[in-house]
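There are 4 protein chains.
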Amino acid sequence: MKKSMQAAILKKAKQIEVQEVARPQVENEEVLIRVKAVGVCGSDAHFYRDGRLAGWIVKEPLILGHECAGEIAEVGRSVEEFQVGDRVIIEPGVPCRRCEWCKRGEYNLCPDIRFMAVPGVDGAFAEYVSSEADFVYPLPDSVSYEEGALMEPLSVAIETIKSAKIELGDSVAILGAGPIGILCLQAARAAGATDIYITDVDENRLSYVTTKFNPTLAINAQKKDVVGEIKKITSGRGVDVILEAAGTIETFKVTPKIAKKGGMIVLVGIPPFREFPFQASQLFDQAVQLRTIFRYTNTFPTAIRLVDKGMVDLKSLITHRFSLDKTKEALELTMNREDGVIKAVVIP
Amino acid sequence: MKKSMQAAILKKAKQIEVQEVARPQVENEEVLIRVKAVGVCGSDAHFYRDGRLAGWIVKEPLILGHECAGEIAEVGRSVEEFQVGDRVIIEPGVPCRRCEWCKRGEYNLCPDIRFMAVPGVDGAFAEYVSSEADFVYPLPDSVSYEEGALMEPLSVAIETIKSAKIELGDSVAILGAGPIGILCLQAARAAGATDIYITDVDENRLSYVTTKFNPTLAINAQKKDVVGEIKKITSGRGVDVILEAAGTIETFKVTPKIAKKGGMIVLVGIPPFREFPFQASQLFDQAVQLRTIFRYTNTFPTAIRLVDKGMVDLKSLITHRFSLDKTKEALELTMNREDGVIKAVVIP
Amino acid sequence: MKKSMQAAILKKAKQIEVQEVARPQVENEEVLIRVKAVGVCGSDAHFYRDGRLAGWIVKEPLILGHECAGEIAEVGRSVEEFQVGDRVIIEPGVPCRRCEWCKRGEYNLCPDIRFMAVPGVDGAFAEYVSSEADFVYPLPDSVSYEEGALMEPLSVAIETIKSAKIELGDSVAILGAGPIGILCLQAARAAGATDIYITDVDENRLSYVTTKFNPTLAINAQKKDVVGEIKKITSGRGVDVILEAAGTIETFKVTPKIAKKGGMIVLVGIPPFREFPFQASQLFDQAVQLRTIFRYTNTFPTAIRLVDKGMVDLKSLITHRFSLDKTKEALELTMNREDGVIKAVVIP
Amino acid sequence: MKKSMQAAILKKAKQIEVQEVARPQVENEEVLIRVKAVGVCGSDAHFYRDGRLAGWIVKEPLILGHECAGEIAEVGRSVEEFQVGDRVIIEPGVPCRRCEWCKRGEYNLCPDIRFMAVPGVDGAFAEYVSSEADFVYPLPDSVSYEEGALMEPLSVAIETIKSAKIELGDSVAILGAGPIGILCLQAARAAGATDIYITDVDENRLSYVTTKFNPTLAINAQKKDVVGEIKKITSGRGVDVILEAAGTIETFKVTPKIAKKGGMIVLVGIPPFREFPFQASQLFDQAVQLRTIFRYTNTFPTAIRLVDKGMVDLKSLITHRFSLDKTKEALELTMNREDGVIKAVVIP
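Protein chains in written order, with our numbering: chain A, 1 to 348; chain B, 1 to 348; chain C, 1 to 348; chain D, 1 to 348.
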């Protein structure tokens, strides 16, 4: 195997170059993976557009991409659970295993986690990527590499649904019908939610979601009053669980207004604004709980089983495919939400 | 409306007579219900066979039947939420609303609960039955009275699944493929379990369950080694949640042997034997949790939504129908598990 | 017993008159209580000052006061658990017992709860008050009426600590050293918190709290940088649980900045401002949970046991006593936080 | 530093020899600890008496002792958090950090955990012991080495109290007043239990416990009827939480009989008998939950804080001290429960 590989390198904002770089080395407990499919995440598009995201700044060239499926190309000396040729997916964050959060099972909060495609750790828009073996999972034959790549955003949805403590018979409102919103819809139903409302401002997207994923009600927030519609369909009670997956100030404001008394609001993903637009009295009047989601823990095995059993449909999210050469186009498309894109995948 | 009604009265063990008795009166906060369908429960069959069950003894004539759907025939003066003619189902236990358990929402444990078809409170094998209005729920048009009657055993299954804290991706083993086992199977899947194993000793029942309810694996415990089969399919790890729904000493013994380390065992229904056959060391080695289920709280609205949305199939459980005159035959059939019975329903 | 009684009536903002009014009648399941001590709550002072609080407006004359201990003066016909002369305290909200929240044990959220001293339901600044018997609790001989009156704010603290899920060894920061803050401090310690930090802007109050209730650290937020101090004492990690008990915009802003990753913020009491001043990115970076507290459920028996066993000290909170005639002065003192008041009690 | 050390070696049942053996080497991420105090655990005494415990068999010479405090003697190359001379305690089990249990924070269930003084891993009845640095904790100056050694059994008690989900105001019955029972008593009180009952059959031990640790009630199970006494003091309701810490068939039988409806039974430590003596109907009638405890996770920092703050008293448990030469005598004393021993400590 040659020691170099092709990779799409982010040099600075809006500048991506595909070039030959050194192939990752494999330590004793690691495996090398021949990348077969990489999903394009909103965070990749943010890094591409701005050269930064939240507190992270791209100062050195960086390979983006952290939603990754592939084939085992090499195994470290201590690795027994994989063989060359195995079909796998990667959980892209490897924690320190030693801090108090790791020991409590909250390794997503590990201060020393190394997460792919965050400045300092290269990602998967490349021919190869390496990972510690215990953060790599076998991909069942029933599941394609493309679907495998989408296990990562599905993991975010699973973490969301578990944190929301959704139970049999709950009602759920999902604000935002992007990939995370759609995966939350599917994971909420798989967890027993019986009434699922989803909102967005893009009519095409709502039509697509309605056709493919069958929500109880899809509301176009530009044409209808979300609070009024949800009050009407819930006889004034509001919903048990609200999942904010749009990251806009308007959707944040809606959350406590549609919560049932004692309900749960879960905020998925980091919003672009600084101050919270909640009206305090609403939060108190409804006695809601509020949680934020930061990545996930122990979700990949669940994600794989849900897809393998047909309880979640990942195929229908994939609207566009690009070769590694066209990574820039994939990022542009995702950034601009053009051409009805829901999820773009890069196939190296 | 006449002041009397036909009812099937249990006089003593194995003696049921259908005769004319006084119709229940309706208090201010009560409704009268014209019974349309009543499921036959194993506990009804036990009372019929033995004249007793657990600590309860039938000393006075008793009307059995507590799985009941019907039509509102009369409303008390303070009742605003129902009108004559409404299609409804009944939650058969009305608690005191004042004790510490009621105030904590654990009203199933209320020491003063009045539960239908337990000595002292007449049940629903009759033309009419009364109930406090807030323990009566509207039945959607999409759901038949027969299905409505089965919301009560479905409630037991929902309570079981909630107590078991089943999460997305869990594996579940259900010991016993009777009505409760089948409903647990369906509720577990609705709650996100991806791998569901069910065992029984009746090949016909297992075939029926496999055809209708699609478990991951159905195991005939008379022909195969349940522990071995489950160890094999779980690569030696055992399952996350075990639901004991057969009430036999053999199935109890199996539970800790098939649990994953840290797993959960839930015991549904009262077994006929006195001492627990667990091997203590197994319970400790596996660090399992163990819970018992006693009826349910706040499950009826969930049950209705699950059936209304098609997430649980009650129709396929109903194998036999009897008129009120034939209540005795319905009880005999259930008691003897004859003719491939899964669930018998009495239609007054 | 005469049919009238003396009561302090709020006519409109800042206008209290003590006058003779009809004594409450006792229904079958109620008891009449001769009031012995009533605590003055911040909400009483708000109603007094403004004639309103949050969404409630005083349109009819209203008796304030909902922190009440007294002696049984009369028992309704169905009441068996009390006798005339019994020393008791009152839980001041009686819910409907029938709605979904009541049945789940979340009766604090009952939309039809009747809560004392909220417009529509008279309170306890009077010679007598009535209550349903199951919301009345025996007061142990070891506990004075004055302390008994303070079981109500202690209940708020207990609800807070339970909602915060405080565990053995947790660190807790309490923002605000008023009565609720002090009771949270004591309840947090009783629940196993080992490191308790408390802040306020009133040096006298902090001295008092330090002397009487022994926090790990008391911080004067006017003189020191709360965030810096807490980061220093926690080696930069932040605290497990933050309890906001001051209701100011400054303290709200502090909460996510001092939370440990994965920590819990609990907001006690309704703040006077409309929009939340949290910086969104902080809430996300720290992956915190956030809850609001609205009254309490099932806390009175716990409150009584904690005080009876000496695990919480209520005596040291009581700084001022007034006769019923001086209710206005008690409210003024509480409103203006004069004379080092922590808690004023009216003794009718 | 010399390369050998003195250690007390278990050769086979009842045969201990103190001899010179190789000193442990220190890997990169490890520290070497000069042992200052080691508590004698019941499991050490079992291994000594029988040469085996549960499924473990002593086939090779083994150093016992896993309750250990000492001084850092050497640090591995990658260790930054400790210096030679630091006073520390050891958490005696180091898990694999890679399996599903480790990643969930349930590292006590790790199948590949290396636990001191279990066949295959030497313990601390020796001059030196090594450990991975992140399972070593600084001992505050306020806490002696002897007390430090007892942080390990305190960890078992903390795990028990957390698993029991003890809340403010709970009542707790502890069956067995040995070291674990006494530590459970103290941890339960620290967690907010207000009513704590403890039973034993040894009058001297009960007197000691009553004097030093102030339970609500101490019951001599040989002289009094435990069930009757607890029913009496709880007005027939039973207790919220029962902790079985004696490991006898009689105490196991008692547990469901004294549980409140909906209560929690926690079994601490592995009993010597095979089949559970519970009466099934009692477990069901009371609708109890039941858990077993296997070691602990994330408890050491809590243990240290509780002792440092004076919320748990370890000193009063230590009744006997032995030199390393007298390890055999320490084990004999513990095994035979002679001379009023509660806890013996070996001081190398």
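Incorrect hints may appear among the rest.
Each computed DSSO-like pair below joins lysine-lysine, with the alpha-carbon atoms no more than 30 Å apart [to be verified]: (1) LYS165(A) to LYS165(B); (2) LYS253(B) to LYS257(D); (3) LYS212(C) to LYS261(A); (4) LYS326(B) to LYS315(B); (5) LYS12(D) to LYS309(C); (6) LYS309(A) to LYS59(B); (7) LYS165(C) to LYS261(D); (8) LYS257(C) to LYS257(A); (9) LYS257(D) to LYS223(D); (10) LYS309(D) to LYS315(C); (11) LYS261(A) to LYS223(C); (12) LYS257(C) to LYS253(D); (13) LYS309(C) to LYS231(D); (14) LYS212(C) to LYS257(A); (15) LYS309(A) to LYS224(A); (16) LYS212(C) to LYS224(C); (17) LYS315(B) to LYS309(A); (18) LYS165(D) to LYS212(D); (19) LYS261(B) to LYS328(D); (20) LYS253(A) to LYS309(C); (21) LYS165(A) to LYS257(B); (22) LYS165(D) to LYS165(A); (23) LYS59(B) to LYS2(D); (24) LYS309(C) to LYS309(D); (25) LYS253(D) to LYS212(C); (26) LYS224(C) to LYS309(D); (27) LYS261(B) to LYS261(C); (28) LYS165(B) to LYS212(D); (29) LYS309(C) to LYS165(A); (30) LYS223(D) to LYS165(B); (31) LYS261(C) to LYS253(A); (32) LYS59(B) to LYS261(D); (33) LYS257(D) to LYS315(C); (34) LYS231(D) to LYS261(C).
Just a few of them, taken from the derived set where beta-carbon distance is under 10 Å, the chain D residues facing chain B [said to hold, decoys possible]: (35) ALA22; (36) GLY51; (37) VAL58; (38) ILE270; (39) PRO271; (40) LEU283.
If you're looking for bench data, these hints aren't it; they were derived computationally from the structure. Idealized CB from N, CA, C, for every residue including glycine.
Hint check results:
1. This hinted pair checks out: LYS165(A) and LYS165(B) have alpha carbons roughly 10 Å apart, not beyond 30 Å.
2. Of the supplied pair hints, the one linking LYS253(B) and LYS257(D) holds, its CA atoms being roughly 22 Å apart against a limit of 30 Å.
3. Distance restraint check for LYS212(C) and LYS261(A): the Cα-Cα separation of roughly 38 Å exceeds the 30 Å cut-off, and the hinted pair is therefore not satisfied.
4. With a CA separation close to 21 Å, the supplied pair LYS326(B) and LYS315(B) stays within the 30 Å bound.
5. The hinted pair formed by LYS12(D) and LYS309(C) fails the criterion: a straight-line CA distance of about 50 Å is larger than 30 Å.
6. At roughly 52 Å between alpha-carbon atoms, LYS309(A) and LYS59(B) are farther apart than 30 Å, so this suggested pair is violated.
7. Taking the CA atoms of LYS165(C) and LYS261(D), the gap is about 23 Å. The hint holds against a cut of 30 Å.
8. A C-alpha spacing of about 26 Å is found between LYS257(C) and LYS257(A), which places the hinted pair at or below 30 Å, so the restraint holds.
9. Straight-line distance between C-alpha atoms of LYS257(D) and LYS223(D) comes to about 18 Å, which keeps the hinted pair within the 30 Å bound.
10. Of the supplied pair hints, the one linking LYS309(D) and LYS315(C) holds, its CA atoms being roughly 24 Å apart against a limit of 30 Å.
11. Taking the CA atoms of LYS261(A) and LYS223(C), the gap is about 39 Å. The hint is violated against a cut of 30 Å.
12. For the suggested pair LYS257(C) and LYS253(D), the alpha carbons sit about 51 Å apart, so the restraint of at most 30 Å is broken.
13. Our distance criterion of 30 Å between C-alpha atoms is met by LYS309(C) and LYS231(D), whose separation comes to about 20 Å.
14. A distance of roughly 42 Å separates the Cα atoms of LYS212(C) and LYS257(A); the hinted pair therefore is violated under the 30 Å criterion.
15. Distance check on the hinted pair: LYS309(A) and LYS224(A) sit about 36 Å apart at the alpha-carbon level, beyond 30 Å; violated.
16. Taking the CA atoms of LYS212(C) and LYS224(C), the gap is near 22 Å; set against the 30 Å cutoff, the hint holds.
17. Between LYS315(B) and LYS309(A) the CA atoms are separated by roughly 24 Å; this keeps the pair inside 30 Å, and the hint holds.
18. For the hint pairing LYS165(D) with LYS212(D), the CA-to-CA distance comes to about 25 Å; that is within 30 Å, so the pair holds.
19. For the suggested pair LYS261(B) and LYS328(D), the alpha carbons sit about 35 Å apart, so the restraint of at most 30 Å is broken.
20. At roughly 46 Å between alpha-carbon atoms, LYS253(A) and LYS309(C) are farther apart than 30 Å, so this suggested pair is violated.
21. The suggested pairing of LYS165(A) with LYS257(B) holds, with an alpha-carbon distance near 29 Å, which does not exceed 30 Å.
22. For the proposed pair LYS165(D) and LYS165(A), the alpha carbon gap of about 19 Å is at most 30 Å, so the pair holds.
23. Only pairs whose Cα atoms come within 30 Å are accepted, and LYS59(B) paired with LYS2(D) is rejected, the gap being roughly 84 Å.
24. Between LYS309(C) and LYS309(D), the direct Cα distance comes to roughly 20 Å. Compliance with the 30 Å bound is thereby established for this hinted pair.
25. Distance check on the hinted pair: LYS253(D) and LYS212(C) sit about 46 Å apart at the alpha-carbon level, beyond 30 Å; violated.
26. Note on LYS224(C) and LYS309(D): the hinted pairing holds, with a Cα-Cα distance of about 25 Å set against a maximum of 30 Å.
27. Between LYS261(B) and LYS261(C) the CA atoms are separated by roughly 29 Å; this keeps the pair inside 30 Å, and the hint holds.
28. Between LYS165(B) and LYS212(D), the direct Cα distance comes to roughly 40 Å. Violation of the 30 Å bound is thereby established for this hinted pair.
29. With a C-alpha separation of about 36 Å, the suggested pair LYS309(C) and LYS165(A) falls outside the 30 Å cut-off, and the hint is violated.
30. About 42 Å separates the Cα atoms of LYS223(D) and LYS165(B), which puts this hinted pair outside 30 Å; it is violated.
31. With a CA separation close to 25 Å, the supplied pair LYS261(C) and LYS253(A) stays within the 30 Å bound.
32. Between LYS59(B) and LYS261(D), the direct Cα distance comes to roughly 26 Å. Compliance with the 30 Å bound is thereby established for this hinted pair.
33. With a C-alpha separation of about 39 Å, the suggested pairing of LYS257(D) with LYS315(C) is violated against the 30 Å cut-off.
34. Between LYS231(D) and LYS261(C) the CA atoms are separated by roughly 44 Å; this puts the pair beyond 30 Å, and the hint is violated.
35. The beta carbon of ALA22(D) is not positioned within 10 Å of any beta carbon in chain B (closest approach about 33 Å), and the interface hint is therefore violated.
36. At about 18 Å, the closest approach between the beta carbon of GLY51(D) and any beta carbon in chain B exceeds 10 Å, and the interface hint on this residue is violated.
37. With 10 Å as the threshold, the beta carbon of VAL58(D) stays out of range of chain B, its nearest partner Cβ sitting at about 18 Å, so the hint is violated.
38. Hint status for ILE270(D): holds, given a least beta-carbon distance of 5 Å to chain B, under 10 Å.
39. Contact between PRO271(D) and chain B, as hinted, is supported at the beta carbon level, the nearest pair being about 5 Å apart and thus within 10 Å.
40. Evaluation of the LEU283(D) hint against chain B yields a held restraint, the C-beta minimum of about 5 Å falling below 10 Å.
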